[in-house]
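Residues per chain are reported as follows:
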Amino acid sequence: MRGLLLTLCLLLGPAAAAGQARGQGPTGRLTPELQEMLRPVFEQARRDSVPVQVLEAKALEGLAKRRPAGQIAMVVRGLAVELADARRLLREAAPEARLSAGEVLAAAEAVRRGLPSDQVGALRAAVAPDVQLEIPFAVLGALVERDVPAADALDVIANMMAQNVEQARMVEIPARVDVALRVGAAPAAALNSALQGLGIRVPPVAADRPGARPETPRRRGRGGP
Amino acid sequence: MSLRRRYGLRIGSLRTLAGVVCGLVLVARPAHGQRWQVDLSGARVSVDTSGGFGAASLAPGFEWRGRRIYGLLRGGLTGFEGAEWAAQGRGDLSVLAEPWGVLHPLRLEVVGTGQGSYHSSDFRTATGRVDGRIHFAGRAGGAWLGAAGAVGWSSSDGRTVSAAGGTVGLWARHAGAQGVLMFAPLRLEETWFPEVSARIAVGTGRVDVTGFAGWRGAGGGLEGEGWGGADAAVWLHPWLAVTVGGGWYARDLLQGIPGGSYLSTGIRFASGRPEALLEPSVRPRYVERNGRQLLAFEVPGATTVEFVGEWTAWQPIPLARAPDRPGLWLLEAPLPSGVQRFNLIVDGERWIVPDGVLTVDDGFGGRVGLLIVP
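Protein chains in written order, with this note's numbering: chain A, 154 to 378; chain B, 3 to 376.
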């Protein structure tokens, strides 16, 4: 009986949480004080076509972590700016692309982790408008955070996208890079190592090879000159 | 003759160890830039034609791995009983080509090996070998077919001998283990010597173990012979390991050096542990329960574990304790594809991101995990 209840709880829990979020609305779950503080942020976000649900989720996260309203509002305001910047970069690079909230957030996080902002647009421009880049941006951000030169990381991700490499394999790269870093490899070499270990062969980047990489200035990452 | 035999023992030992390392690298080619190591070891060795003796050696090594080029340099300075000494050196260079495209499973490889030695009695040897191979390489296994040519020289008779042959190999890799099986017949001065060898390398925890075995058929008045042994490194630190090894090694046909056996122990200083045997500790991972793929998190010692994140609108939901494995907690509901930001709440109060998960700053002074669901 206990097991059955637990199973029901597990199966219904997420749905119940989502239903609660739908019924009440994420904003409705915020405290009145926080709602008041964030109202102008959300209104501005709507005007800027910034995904408001991402901001609401961040506010809910702050509440769940029992942070003071003032801190939550500050974090959400900062995130709104990051999202607006990321969306602008993506939109300028691919005006016809359908941008998901997840992609905009992943791009913003990648920039926060050290990806040069111009390379956000470069990756968006390098792939078809209907391709979602949430996972690639998350992986890219993880690589840059590990001090892999941003241009190298971007080359690899763009080439994998061009070769239709499954994103499931892309996801494994950062953990493989960690292994190589742990045994003393330099970040760029660690990326090569990860690709070799996964059996992913990405050709060396040549500036004059059409489609091989986005048109982006090289070596502007944290590891570049 | 005694000197040569003693000398030959150390050379043979070095060849065996270097061969193991080289073979593993050629299979895995994990390419992680530069790496060096220095072994200080003591050994008890004996040759087939005389008794045993002690030796102490200093053996530096350096390897360089690129996307398509692998290079290995190893050397050794060995002191023997009786104030004799010897120096050895070996270099390997492998170049890979992908003429059918980077995603095509067929690849071409050329491997060159050069080796030389000098003994304090002015005894010298040298040998060189070139292998050409065509590989069929998969993600977890592969095979190759190749041809080889080699020459060898020894100062004892001043002669240069040549040899040629073929190689057929299979390799496989799973988790932290790699295995290689090779058939390499060699024709040396009008006589064929069939040779089969195998190696397996396993890396688990702090220990790397390599086992090797082989057999060479009779020919040219020489009897058939087998060899085998194991070497292990226990890593006390990413740059320090204790090594131990022992086994039997074959005679070197090209340099005329007899076979023998060895038992050695020592310490290894290195810029890092060889990566080929390590696997990333990717957690969480998926496990199968009753035909369903469930996301599993390792949280040892917890009484309760809850999942909280974007997918649950930051409302906690309990994870189920795996009935068959302590410390393993299961999320039984499927996550949608994409990037899910989450934390685990341990025992109702401790917010964590499990090991092996990508994290980002949550803006609140903590970290949030990125669960990437393809």
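Treat the hints with care, as some may be off.
Claimed, not checked - Pulled a few chain B residues facing chain A out of the computed Cβ check, cut under 10 Å:
no.	residue
1	Gly-274
2	Val-310
3	Gly-358
What the hints assert, rightly or not - Chain A side only, calculated, beta carbon under 7 Å to chain B, not exhaustive:
no.	residue
4	Pro-185
5	Leu-213
6	Glu-214
7	Gly-215
8	Ala-217
9	Lys-218
10	Arg-220
11	Ala-250
12	Leu-252
13	Ala-254
14	Gly-255
15	Pro-282
16	Asp-283
17	Glu-287
18	Ile-288
19	Val-324
Simulated from the structure, these hints should not be mistaken for lab results.
Cβ atoms here follow ideal geometry from the backbone N, Cα and C, with glycine treated the same way.
Worksheet item: What are the numbers of the hints the structure violates, in ascending order?
Response: 4, 11, 12, 13, 15 and 16
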